[in-house]
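Student: Residue numbers (the numbering used here), protein chains in the order written: chain A, 1 to 382; chain B, 1 to 382; chain C, 1 to 382; chain D, 1 to 382.
Read the hints as simulated data drawn from the structure, not as lab findings.
Using N, Cα and C, we set each Cβ at its ideal position, and we do this for glycine too.
Just so you know, not all the hints are guaranteed correct.
[As the list claims (entries may be wrong)] Non-contacting residues of chain B with respect to chain C, defined by C-beta distances greater than 12 Å in every case (computed):
| # | residue |
| --- | --- |
| 1 | Gly263 |
| 2 | Ala280 |
| 3 | Met286 |
| 4 | His294 |
| 5 | Asp355 |
| 6 | Ala371 |
[What the hints assert, rightly or not] Distance condition first, Cα-Cα at most 30 Å in a straight line; then the derived DSS-like pairs of lysine-lysine:
| # | chain 1 | residue 1 | chain 2 | residue 2 |
| --- | --- | --- | --- | --- |
| 7 | B | Lys47 | C | Lys47 |
| 8 | D | Lys176 | D | Lys47 |
| 9 | C | Lys47 | B | Lys90 |
| 10 | C | Lys213 | C | Lys176 |
| 11 | A | Lys47 | D | Lys47 |
| 12 | D | Lys174 | D | Lys213 |
| 13 | A | Lys176 | A | Lys213 |
| 14 | C | Lys58 | C | Lys47 |
| 15 | C | Lys213 | C | Lys174 |
Chain residues, written in single-letter form:
Protein chains: 4
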Amino acid sequence: MIGYAFMGRAHSQAWRSVDAFFDLPLEPAMVALAGRSAEATAQAAEKLGWAHAETDWKRLIDRDDVQIIDICTPGDSHAEIAIAALEAGKHVICEKPLANTVAEAEAMAAAARAAAARGARSMVAFNYRRVPAVALARRWVAEGRLGEIRHVRAQYLQDWIVDPEFPLVWRLQKDKAGSGALGDIGAHIIDTAEYITGERLTGVSALTETFVKERPLASGSAGLSAGGGAGRGTVTVDDAALFIGRLSGGGLASFEATRFATGRKNALRIEVNGSLGSLAFDFEAMNELWFHDHTLDGAEAGFRRVLATESSHPYVGAWWPPGHGLGYEHSFTHEVKDFIEAIAAGTAPEPSFDDGLRVQRVLAAVERSAADGSRFTTVEGS
Amino acid sequence: MIGYAFMGRAHSQAWRSVDAFFDLPLEPAMVALAGRSAEATAQAAEKLGWAHAETDWKRLIDRDDVQIIDICTPGDSHAEIAIAALEAGKHVICEKPLANTVAEAEAMAAAARAAAARGARSMVAFNYRRVPAVALARRWVAEGRLGEIRHVRAQYLQDWIVDPEFPLVWRLQKDKAGSGALGDIGAHIIDTAEYITGERLTGVSALTETFVKERPLASGSAGLSAGGGAGRGTVTVDDAALFIGRLSGGGLASFEATRFATGRKNALRIEVNGSLGSLAFDFEAMNELWFHDHTLDGAEAGFRRVLATESSHPYVGAWWPPGHGLGYEHSFTHEVKDFIEAIAAGTAPEPSFDDGLRVQRVLAAVERSAADGSRFTTVEGS
Amino acid sequence: MIGYAFMGRAHSQAWRSVDAFFDLPLEPAMVALAGRSAEATAQAAEKLGWAHAETDWKRLIDRDDVQIIDICTPGDSHAEIAIAALEAGKHVICEKPLANTVAEAEAMAAAARAAAARGARSMVAFNYRRVPAVALARRWVAEGRLGEIRHVRAQYLQDWIVDPEFPLVWRLQKDKAGSGALGDIGAHIIDTAEYITGERLTGVSALTETFVKERPLASGSAGLSAGGGAGRGTVTVDDAALFIGRLSGGGLASFEATRFATGRKNALRIEVNGSLGSLAFDFEAMNELWFHDHTLDGAEAGFRRVLATESSHPYVGAWWPPGHGLGYEHSFTHEVKDFIEAIAAGTAPEPSFDDGLRVQRVLAAVERSAADGSRFTTVEGS
Amino acid sequence: MIGYAFMGRAHSQAWRSVDAFFDLPLEPAMVALAGRSAEATAQAAEKLGWAHAETDWKRLIDRDDVQIIDICTPGDSHAEIAIAALEAGKHVICEKPLANTVAEAEAMAAAARAAAARGARSMVAFNYRRVPAVALARRWVAEGRLGEIRHVRAQYLQDWIVDPEFPLVWRLQKDKAGSGALGDIGAHIIDTAEYITGERLTGVSALTETFVKERPLASGSAGLSAGGGAGRGTVTVDDAALFIGRLSGGGLASFEATRFATGRKNALRIEVNGSLGSLAFDFEAMNELWFHDHTLDGAEAGFRRVLATESSHPYVGAWWPPGHGLGYEHSFTHEVKDFIEAIAAGTAPEPSFDDGLRVQRVLAAVERSAADGSRFTTVEGS
């Protein structure tokens, strides 16, 4: 695994736990962690349960005892690492967004396709697909429970940078993060919407905004800071992105990604309205899926709160009895479980790098539309 | 009053009740009801408590014992009636949307301004402003509780025409209704958003769609049907309208009006995120206003459910003790209460015909944007 | 009608509105209002829409143009008025609790039975039965949707006397009010629980408590004060009453009535768990009935929020389209509608004085149990 | 660790994870797992990450490399194992309820006190205390945010044995489980209520019931079955227990534990009303704590949904950013974290065996009251 910050800790817990709950065809071992600082990486490896520490990610690829490369770094390094790993025959799981540009994502997807022919698997870590309630939503749509999809209403609302004195961390710098709320959290709702509906966004019309244009420079902790000193720097990414679009099945969709929704902490929300029913989900109540069955008599219909904690729900049987909810990091455990199973079975895990590229193209269409007077902009490849 | 269908019944209950709960400077009398059919109008007048029935609205204007004209007809007749009434020196309260076109609305607003100089008052019936929770939201924003407004998220979701066999009623015909979900319910969220925030939408980017393009002709009941016979007719209005836009204060806003959101019955929802706090409202739980105070310590902050039933909340003191909720028609009672008070005081009631014109211009900008590849379109007069 | 405070205002709005929304076999006229003070009663009559004012309730009974006596006074006068009215051949609708003692209630019920033989109808005003969601709950239980009832969980939570400086109003005096939270709001949940389940409480075990034992004397407004001066007086009723009991069908039930639940304004809540399903209701969200259908596959079951605003729901067809909620006073409108229909049809309206007596007996059993070390106490007549 | 069923799996995940998230003064090692069947225990040890497997729990106590004994067996074996372990100088963490009888619990508490003098620590595993929202509730009550406690309303609602064909598992047999819903889940709400309020239940009045009196014998899987064959057996424990009681601070409390609340899966709910505020919690939404601050102006007060996911909330700082919820098993991780810290510090961990004994005495008072006509029964030692 490369990187040991937020995502690295979450992935580590997944690798540590997956085997105790799921019956896996292969048993994962936590071989080595790579980071830039020798001391910090060694400490993190010790803490997170990795047997070895490396200061150069290329050393991980060189190791014969490493078959899987798990990329938890900022988006600007994804392409180089992933392509090198795939070419070396490693399986690769890569954090989202797949890359910072469409061009990088295309190169990665091409590398993934080439590697697949040689048996190397790849996956982009849209972990929210593995929240049981989200996977259950996908199941019900696929079963036709919603009929024709007319509306998708997706939002990802956070509020962690509302304070204008919050510093200029790497996620607020275009060269590191690619974009702001759009790529960080907007990417998740694009993927979630397409995953649940099984449809594609064919085009979008967008607005983006940076509310706080300058921020204090971060104090310099490696990997986080924008510069080395005091003073202020320019925020080079969006604070919020709104877009509306059309779905391949004829429906309409709206999206909003923002870090300025005071009081919303991690509200990844999606509502889907179909001709036969509707679904609603909010990650802040991640164990609940709300379902309206429009085929019932109107006198008894209504949105029902399904606790997605039944053993027959996706992934849940491995865990606890009904009503005993799961948490955020379980989505990663399910992710590596599916990845391991795909490796063992020789099948293509999802979401693939092509799926990651697909999201990247939507992000690019959003940016083009926003730069072009919100004009409706076709998503490349749709 | 002219018209005795849905809106006519709601307004009648307001006129009937207002005096028993509020201490008014003038006592309203329910003089006469106008409709097209003599028999049906007489029955409605008897039922709804109007002393006389007329089959020509012009007769209402001729009556000396009528000082207020309340227009509850479809939008295609608003301009003619309102202008005639204003020119005759009557006070006019008119259902929304003010008109079916900007040109009509401009003529009405001009007539209202001219009439105001002669002491005749006019008001457009955006009744949701008078829901206590909505008026409370406005109060708190005006007091600065939310700080700078960054986001508005407004939706008006219904599902009453999801069934493709639902007939082609007048609300689905452009010549009668002007537009579909956009003008009927989209108008409400535009007005509500501008009212609560005190800001204006400066421009929009829009998508509209008609999911069901043909419907059975209605069976011919007066005032509702599209035609006289069997067969099918073309739906000439939008089923759903989505738009995003910019607010005069620098914030971003998204809007969605649809009659295809299965399971949502009358979900007029709005969330406003400001730098100091947030508010959320859903008319399906109309006695609740959710408030997040971002100035509290984060450890104890969260959206709180304020029951808008305290005697210090707008309009509530006239009714029941805390926790004893109000219903839909109370918004109309509050509306006529404010209208009567403005007439007595000689002040300009709100929302004015200029406010109605304002909404009409937003609707027009939405339609222009939708027709022009979703291009960002400035709202006239902004 | 006798009395024009809180209940008098609510009943007046019902009498004023019922005819405009329901097609009644008889048309009610608001003839006369009785109260003690001539001036205040005359003002109230004018305000609330009663044609005449009387200062002696006996004058109402003497009037030939009065066929219905509506009793909205404190409980200590119910028996005398109701019995006199019934003996005079008037129909009587009486606020709850029916009386302050079982003996009074027995006399009233006997008078009602005797009067019924002569065609005079009587009804006790447990208005919450006429909230559409509550009537819908009763309908579904009666249809067998819940199977065998195992649990009832009923609470009526308010907080209006938490402040120890809140004065000693009549509702806090045993001679006027009979009991405290128990009779005022506990009576409602007893009736609601028995109404919805169709079962009876056969016995109870109870605790009561008075948290604030002395309060400032009220300042002497007629009908509200405890005494004429300054100083403090003793609270002679319960602040809270808790009891658990057994239902005639074998289930268990718990009840709590309190005026010390900070933050709960008028939370009349009931949850019923049966072998085939469950229902939950909270008056603070009075247009919602939550239903869990346990016959569905567990993977898709959950409590669903049914908006009790469909035209097929009890009483709703007379009002507005789905999603346009009703308010507190609609329950009274429905009550008088049913009462008028029963008078016209010559049938016995419900809840009858016997039902009121029944609740009185439960209240008495609660008080006996609380006074006897919480011993399980059989409800008389069960 | 002894036992590897539901609780064993949860505890194992805690031991496996605690070190990766918390900075501990001692590093736990998962040495050995004990169970009755050699093969099954070996498989479980492999799966759950224990280095060795034993078929006799006494072997664990004999091992020098084992310092902590974690007891995850049914209640009938707790006393023997715990006392032996404590006498051998081991630290002991024991699942709840502490024992099946007061006598056993007294012996265990005595052993714990004696062992503490020799440096051996003991703890009873009321894991819900370590849910962040519950610990936060305790913190706020301790800080005086609620003022005087007037009401506690605690329920633990499940529905897993509603089906009369659900088999007679060990939890339905008095000799194994001690009692039914009462000891299994009622014990949790007793502890949670006393923990959050910092008060004690001084006496109770109770009702218990067994709705389904006979059930099919379980098919014989070790540790779960009631017998070896077909046929039916008698349920010897309660299906539901209701009780009301008094708190040491003068408040009233109600409790309900049932496995027959259809639609409620693991609804451990508690609401506390104090003179200055209220708190509400439901484990089915375990990351939310609802708080009403009664010191705010009434016009803006209301129950607020505090996401207990802030880094300043108990235990949360070790995990994820705000809004990224935790799951059921995190409560166990927090439990062992606190236990390890207490061992290292030489302090007494809580809840102690005396706390466990305390709950056992409440359970006994409930049973005595239920057997004695619901008479109010003082809790021993209160």
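Student: Run every hint past the structure and note whether it holds.
Tutor: Hint check results:
1. With a cut of 12 Å on Cβ distances, Gly263(B) falls inside the contact zone with chain C, its closest approach being about 9 Å.
2. Even its closest Cβ contact with chain C, about 15 Å, leaves Ala280(B) beyond 12 Å, as expected for a residue assigned away from the interface.
3. Not every beta carbon of chain C lies more than 12 Å from that of Met286(B), the smallest distance being close to 6 Å; the non-interface claim is violated.
4. Remark: the non-interface label on His294(B) is consistent with the geometry, its nearest Cβ contact in chain C lying 21 Å away (cut-off 12 Å).
5. At the 12 Å boundary, the C-beta of Asp355(B) stays outside the reach of chain C, the nearest C-beta of that chain being 23 Å off.
6. The claim that Ala371(B) is not at the interface with chain C holds, since no C-beta of that chain comes within 12 Å of its own (minimum 31 Å).
7. Taking the CA atoms of Lys47(B) and Lys47(C), the gap is near 22 Å; set against the 30 Å cutoff, the hint holds.
8. A hinted pair counts as satisfied when its Cα atoms are at most 30 Å apart, and Lys176(D) with Lys47(D) qualifies at roughly 27 Å.
9. This hinted pair checks out: Lys47(C) and Lys90(B) have alpha carbons roughly 27 Å apart, not beyond 30 Å.
10. At most 30 Å may separate the alpha-carbon atoms for a hinted pair to count; Lys213(C) and Lys176(C) meet this at roughly 17 Å.
11. Annotation: proposed proximity of Lys47(A) to Lys47(D) holds, straight-line Cα distance about 22 Å (limit 30 Å).
12. Annotation: proposed proximity of Lys174(D) to Lys213(D) holds, straight-line Cα distance about 13 Å (limit 30 Å).
13. Between Lys176(A) and Lys213(A), the direct Cα distance comes to roughly 17 Å. Compliance with the 30 Å bound is thereby established for this hinted pair.
14. Taking the CA atoms of Lys58(C) and Lys47(C), the gap is about 22 Å. The hint holds against a cut of 30 Å.
15. Using a Cα cut-off of 30 Å, the hinted pair Lys213(C) and Lys174(C) holds, with the two alpha carbons roughly 13 Å apart.
In summary, the structure is inconsistent with hints 1 and 3 from the numbered list given earlier, while agreeing with the others.
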